[in-house]
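**Student:** Here is what each chain is made of, one letter per residue.
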Amino acid sequence: MQITAIATVAVTIFMLGSFLYARETLSKLSSGMLSRIEISVYLADRADDKRGRAIAEVIGADPRVSAVTYVPKGEGLRQLQDRLRGQIDTSLLTSNPLPNAIRVRVKNPDMVPAVAQSIQKMRDVANVEYDQATVAKVLRLTETIAKLGLIMIVVLIFAAAVIISNTIRLTVFARRREIAIMQLVGATNSYIRAPFMAEGFIAGTLGALVAIAILAILQAELLPKIMVTLSFIPFSTAHVDEFHLMLELLAAGAVVGVIGAWISVSRYLRV
Amino acid sequence: MYPNGVRALDNVSLEIEKGSFVFLIGSSGMGKSSILRLMYRERTPTDGEVHVDGIRVDTMKRSKIPYLRRNVGVVFQDFKLLADKTVWENVAFALRVTGAKSKDVMRQVPRSLELVGLSHKSRMFPHELAGGEQQRTAIARALVNNPKILLCDEPTGNLDPATTSEIMELLLRINLKGTTIVVATHNQGVVDRMRRRVVRIENGRIVSDEERGYYFLGLGQSSVLSG
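Here the protein sequences come in this chain order: G and B. Numbered per my numbering, the first sequence spans residues 231 to 501. Numbered per my numbering, the second sequence spans residues 55 to 281.
Please note: incorrect hints may appear among the correct ones.
Stated by the list, open to error - One side of the interface only, derived from the structure: several residues of chain B facing chain G at Cβ under 10 Å: (1) ILE109; (2) MET114; (3) ARG116; (4) VAL128; (5) LEU149.
It should be emphasised that the hints constitute simulated quantities derived from the structure, not laboratory data. Using N, Cα and C, we set each Cβ at its ideal position, and we do this for glycine too.
Start from the sequences and build out the full structure, keeping to the hints where you can.
**Tutor:** The following block contains the structure:
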């Protein structure tokens, strides 16, 4: 009986935990991506370093811009090599095909199109690019998940509480004689409820612990593999606060256990 | 009136004085238990009032019921003891649920056990005891909180005649100490031997109420029909 209750909580908290983890990751990812929106400005071949830095300075003077970095072609090649290390052997290149570039960060994501446009108008600017489209998609995705998330959380906790209350009801039923005698002899309802609620609390907390353990193992095993498969996503920017999440899950488990127990005993006490 | 439509008690009016000893008699299912249930608030009347020890009981808040039950001890035909607890623990249980301190428990339980004559068996379990001893345990438990009233619903129903006498003798002794006792029974012998106030219930109505009554009508000194 105890095992059923613990298992129930474990499953529910596991689902809750996975979900919350995924949501947290996505949310961190998207804000990470958002804050790293970069406008890449590729300069014309005729622009030399001096011209390039001058352009960078002008851009930097724009109040909408938060950061400007001039990336001469040499630096650009080095960064590319770093990124592609292991995939392409760039030492085979005989000359540097990259133009001089400027990376621009803006203060607010919605300013990006406007800023990009004004930069495009400048002399010696060949290409202006930014990846707004993808980010917009991610943003929308996160919003949907956030809304879904709330509903899911409520449903999951509700379901867990109901199942727990049913499981604990078996215990209550098994001890109904004792409960009846307790009522006969003058025990208050709280006195009668207390041990069952303690049981619920323990079952809930234990279940949450089991779920957390499983989630931790999964994270250690699966996450690296996922990160490799989806290497184009910068997971390193998404630090989910695991400790915080753990505490939340533990609390959820305990609460579910206690509420479930309260419900099942109360029904029996004809309160 | 019970929820399933059975009219258990019909127009019943009863007054029991402090310290008295009253028998409620009548065949099974006639309403005796129902009257008792009203007194310890196991049921509420569809109509009417119930007062116990000066307090209105039928409209009492649910949260106050435990306190009523501590002042009204109840004993049943099937003893209703906890099988996994010893005699001592069964009696102490009634004290512990009221939140009594350890020292009070250590004081009251032996007193109660002594009253019923079970001090020497305090470490035994219910299944190791004879019926009479189990009932005495139940009585000790019912009395441990020093209630003013003791209700007994067929207390000797499961006991042999000899044991029955012992139990009734015990109840008499308790009554002499000042506890009001109400016994619902269909045991003719007991009633006839004790000659106490006898209230007869038939089909949910009180058909007679005699001060020193016999089980069967007409043998008493005065027959008063009240209903």
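**Student:** Which hints, by number, does the structure contradict?
**Tutor:** 1 and 2
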